[in-house]
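Enquirer: Sequence:
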Amino acid sequence: MDILYILTSIFLVLFMVLATYDGFYLHLWKYKLYQHNESNFEHKTHTVRAILFPIIVWCLLIENSLEFFIIGMVLTFVDLIVLGFDAYSEKDSRDFMGGLPRWEYIIHLFANGFHYAIIALTIGIKLSIEGNSIYYITAPISTSLASNILTIVAENAIPGAVILAFLHVFLLFQNTQNIWDSYRNRINCC
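For reference, each letter of the sequence shown is one residue, going 3 to 192 in this note's numbering.
Rather than coming from a laboratory, the hints here were simulated on the basis of the structure.
Note that the Cβ used here is the ideal one computed from N, Cα and C, for glycine as well.
Be aware that a few hints might be false.
Result set (DSS-like, lysine-lysine): computed pairs, CA atoms no more than 27 Å apart in a straight line [unchecked claim]:
id, residue 1, residue 2
1, Lys-93, Lys-46
2, Lys-32, Lys-46
3, Lys-32, Lys-93
4, Lys-93, Lys-34
5, Lys-34, Lys-46
Taking CB as the label site, the calculated pair distances span [unchecked claim]:
id, residue 1, residue 2, range
6, Gly-162, Asn-134, 17 to 25 Å
7, Thr-22, Asn-180, 32 to 40 Å
8, Leu-82, Phe-168, 19 to 27 Å
9, Asn-150, Pro-103, 20 to 28 Å
10, Asp-183, Ile-125, 17 to 25 Å
11, Leu-147, Phe-168, 45 to 53 Å
12, Leu-68, Tyr-185, 20 to 28 Å
13, Tyr-185, Ile-136, 46 to 54 Å
14, Asp-183, Thr-145, 44 to 52 Å
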């Protein structure tokens, strides 16, 4: 069972690195997707996904109850639908920059692969199949080093994810975009 915890921890770290690079640096800093009419819808889908992510992490990786598991799985399903709309809109939303760069498309594939691998592994950790029945494991599954590491990684993912979600919401509005841009333009790198 420890291998599931270890893989989930690794994939969560990899997802956070790629999501931060893509969601913060590329989308908000470099390309300023929130400023372009073509990419306005894409920014909104990223905002929804940025809000959902820390809640899903909390429900699936930190809380240990059937109710939170169900909420986390429902939100995961909502996230999957939003991802579909996001992916469908990206071709048109990147017209202002000549289309989505191939390397960024690859980043999206890996980031979303890690994201949904985390979900699949979590299902493997939290559900048990016995005969023809599926059971939610209500007792703490493990107190091993591997499970403790996953809890620490998940708890530490929440603050950064909340900040990134807040920033996405902040940039939905013209007045706050102007504030962001005035500070962003003072930095002459990247």
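Enquirer: Evaluate each hint against the coordinates.
Expert: Evaluation of the provided hints:
The suggested pairing of Lys-93 with Lys-46 holds, with an alpha-carbon distance near 15 Å, which does not exceed 27 Å. Note on Lys-32 and Lys-46: the hinted pairing holds, with a Cα-Cα distance of about 17 Å set against a maximum of 27 Å. With a C-alpha separation of about 18 Å, the suggested pairing of Lys-32 with Lys-93 holds against the 27 Å cut-off. Proposed proximity of Lys-93 and Lys-34 is supported: the alpha carbons are some 16 Å apart, at most 27 Å.
Of the pairs offered as hints, the one joining Lys-34 and Lys-46 holds, with about 13 Å between alpha carbons and a cut-off of 27 Å not exceeded. Checking the proposed 17 to 25 Å range against Gly-162 and Asn-134 shows it is violated: the Cβ atoms sit about 42 Å from each other. Take Thr-22 and Asn-180: their Cβ atoms lie about 24 Å apart, and the range 32 to 40 Å is violated. The supplied range of 19 to 27 Å is met by Leu-82 and Phe-168, whose beta-carbon atoms lie about 23 Å from each other.
For Asn-150 paired with Pro-103, a C-beta distance near 39 Å fails the hint of 20 to 28 Å. For Asp-183 paired with Ile-125, a C-beta distance near 42 Å fails the hint of 17 to 25 Å. Checked against the hint of 45 to 53 Å, the C-beta distance between Leu-147 and Phe-168 comes to roughly 33 Å, which is inconsistent with it. The beta-carbon spacing between Leu-68 and Tyr-185, approximately 44 Å, falls outside the hinted interval of 20 to 28 Å.
Here the CB-CB span from Tyr-185 to Ile-136 is close to 50 Å, well matched to the stated 46 to 54 Å. Between Asp-183 and Thr-145 the Cβ separation comes to about 48 Å, which falls inside the hinted range of 44 to 52 Å.
Consistency with the previously given hints fails for numbers 6, 7, 9, 10, 11 and 12, ordered from lowest to highest.
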